[in-house]
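Q: Going down the list, the sequences are from chains V and U.
First residue of the first sequence? That's 1 in the working numbering, and the numbers climb one at a time after it.
First residue of the second sequence? That's 313 in the working numbering, and the numbers climb one at a time after it.
I should point out that these hints are in silico values taken from the structure, not numbers from a laboratory.
Using N, Cα and C, we set each Cβ at its ideal position, and we do this for glycine too.
Don't take each hint at face value.
[What the hints assert, rightly or not] Using C-beta positions, here's what the derived DEER-type ranges look like: (1) H152/V <-> P392/U: 46 to 56 Å; (2) E481/U <-> G260/V: 19 to 29 Å; (3) K468/U <-> D274/V: 20 to 30 Å.
The primary structure of each chain is shown beneath.
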Amino acid sequence: MLRRLAPGAAVLLAVALAGCGGGSQKKAENPPAQPYSKRSTAPGVVARVTPADYRRPIADYRRYVRRRLGTLGAQVGVLRAAIARDDLSGARAAWMRADATYESIGAAYGAFGDLDAAVNGRPDGLPGGVHSQDFTGLHRVELALWERRSTHDAARPAADLARAVARMRAKMATLEIDPLEYSLRAHEILEDGIHLQLSGQASPWSGSALVALRAEVDGTRVVLDTLTPLISRRDASNALPQARRALRRLSTALTQLERGDGTLPRWDALSQRDRELVDGLAAGAAEQLAYVPELIDPRPARPAQRPFGESG
Amino acid sequence: MPGDAAGGRVRRRAFLGGAAALGAGAAIDRVAGPREQAASAQSATTAPSRPIAFEGVHQAGILTPSPRHAIFAAFDSIAPGRADLAAALQALSERARRLTRGYDALLGAPGEGPTPDSGILGPKAVPDDLTVTIAFGASLFDDRYGLAARKPRHLKPMTTFPDDALVAEECHGDVMVQLCANGEQTLLNALRDLMRATRGALAGRWKIEGFLPQPRESGSPRNLLGFKDGTANPATADAAEMDRVVWVAGDGGEPAWAVGGTYQVVRIIRNRVEFWDRVARSEQELMIGRDKGTGAPLGKRREHDDPDYRTDPKGDRIPMDAHIRLARPRTPETEQSRILRRGFNYSRGLDMSGQLDMGLVFCCFQTDVERQFEAVQKRLAGEPLVDYVVPTGGGYFFAPPGARDSEDWVGSGLLA
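Put together the whole structure using the sequences plus the hints.
A: So, in structure tokens, the structure goes:
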């Protein structure tokens, strides 16, 4: 699930710290070794992005999500059929595909609200953890199929999952994706992958972090594709091409980890070196993607503030 | 300097994107020899804003008096090619140069992208005796970057000794970054900065944080066994002694780029402190060979008194298998195995049996690991103390000579 500080939090923190004391950038004795460019969205150069500019990208993305949810519905059907005939390995394979499909639409999670928890909820934060009645959805099925090796135990949560996916598909007609949130997802889907998948937290029983990460990389690319016309005109420092390059490196590394049959190994079965490679490339890509949202911030320009580190 | 600022940001991006060229950093003062380094470290203790020079014939953080805190962080290179590895190492030095000098932090403002500095030191980052010491593990010299022929002569993966219980995930590494400073937050700021600047090229492998006790007593700091530790260290002010013990010279068959460097051994040595605390003081002292109160060799009065083994040939006063006696028997033959220790204590949580995980991040420098550290280690094998200390991780590394000037970077001789 995507989480983030409130959009203004970084600014608030900056203001709070600014009160701490008087560094002066102008009088700096040491030229900064890691300074930032002047903002690429400087007024008068290229117009600021407005929420209206997001109509087209978000419409395109909604079409993508609708297609993916159709796929997800079918995959959950296959999953339930395998469960019904007590085919554990078939059910596991179907689960993997369904989970990856859901991981590929990360920019819509927030818009789905509670339905997202019904499909993709995890036991963390629930009193009682895995035993909680509220623990349902993909990961409840995962627990049944891997930890408990039980198609029987998976039947009811899989039925619940199918209903939740159906509700999601029904909700598509009225789904509203907020432009600001959408811009942030370009960066944060991958942050999510690092935080939840590569930590082993999201899918501890199936060990499917690499499969999920691959889907998240694909999903990030879809978001970037829809936003490219907005980004490119404002991307003086080439953030987007560099982010795409970093994503390509990550994708290539994932492809090289594929086994003969095209499947990816369990995340917890990787050698330390391979794990470091994926961790390092994912972090490298996140570092690049972090520059993207601000280029296309749909909020009105904030009144000029004292730049941080400069005393008035 | 807004123009510089814009260029600098692009440079950082360019590195992260895999392109090599990183411009030179800030103009820098001078080339400091080891004596000057030590001297500046001394004065930094009284005037905390005086930086310890990053540049020098040798790297700082080796002879520099230990400040209160340290982080040892091992990385593996995931750089796709040699130029990317070189760019990452250059970035390490450039960032280290800025971090160790102190700087006006760029904390970020609306419209400026990700916050350039972590800001955890506030707008004004003072040097705080920070040193950044960079070293390479044997694995860096495998076939990935074509460096095999340039490997320092004595560099090899850390040996597994009979009393070790090594955890694979906390051993070895392509690059070791040793950070030392007075404040923990100074170290964390530096670590975050250095890792960020090398993201996508250096992946974290393991790390451990160490500390020393508040300087309350005279003499060597106490380890977590309660004993003064480091008393027998060679004098860092004795340049000739340092040349013998620490610095790699040009006449030992080492590659030219390695001259002025040193071999670094890092060992995470857990202390079984609960067990240790259930042992009588007298037994502890017989195992160590020192008085627990004063740190003096048993039967002597002061910490730095000679243990005088000649008058105790049978070990009546200091047992033959006491730690200090095995570690340094003070015979002419064994004096060539002296090492320069620079360890820190560590503490990090509980294990499954509910016991504290704490002990020593042992660190030592020498010109030849086998002749020095390993010779000591072999003498210590099976000592009574082994029941109370468990080496669980670490590695062997080679710390190259220092960056010569403001344009140079640690490792340039290897990779340039």
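Q: Next, verify each hint and record whether it holds.
A: Tested hints:
Checking the proposed 46 to 56 Å range against H152/V and P392/U shows it holds: the Cβ atoms sit about 48 Å from each other. Between E481/U and G260/V, the C-beta spacing of about 28 Å keeps the proposed range 19 to 29 Å intact. Here the CB-CB span from K468/U to D274/V is close to 24 Å, well matched to the stated 20 to 30 Å.
Violation of the numbered hints given earlier is absent; every hint is satisfied by the structure.
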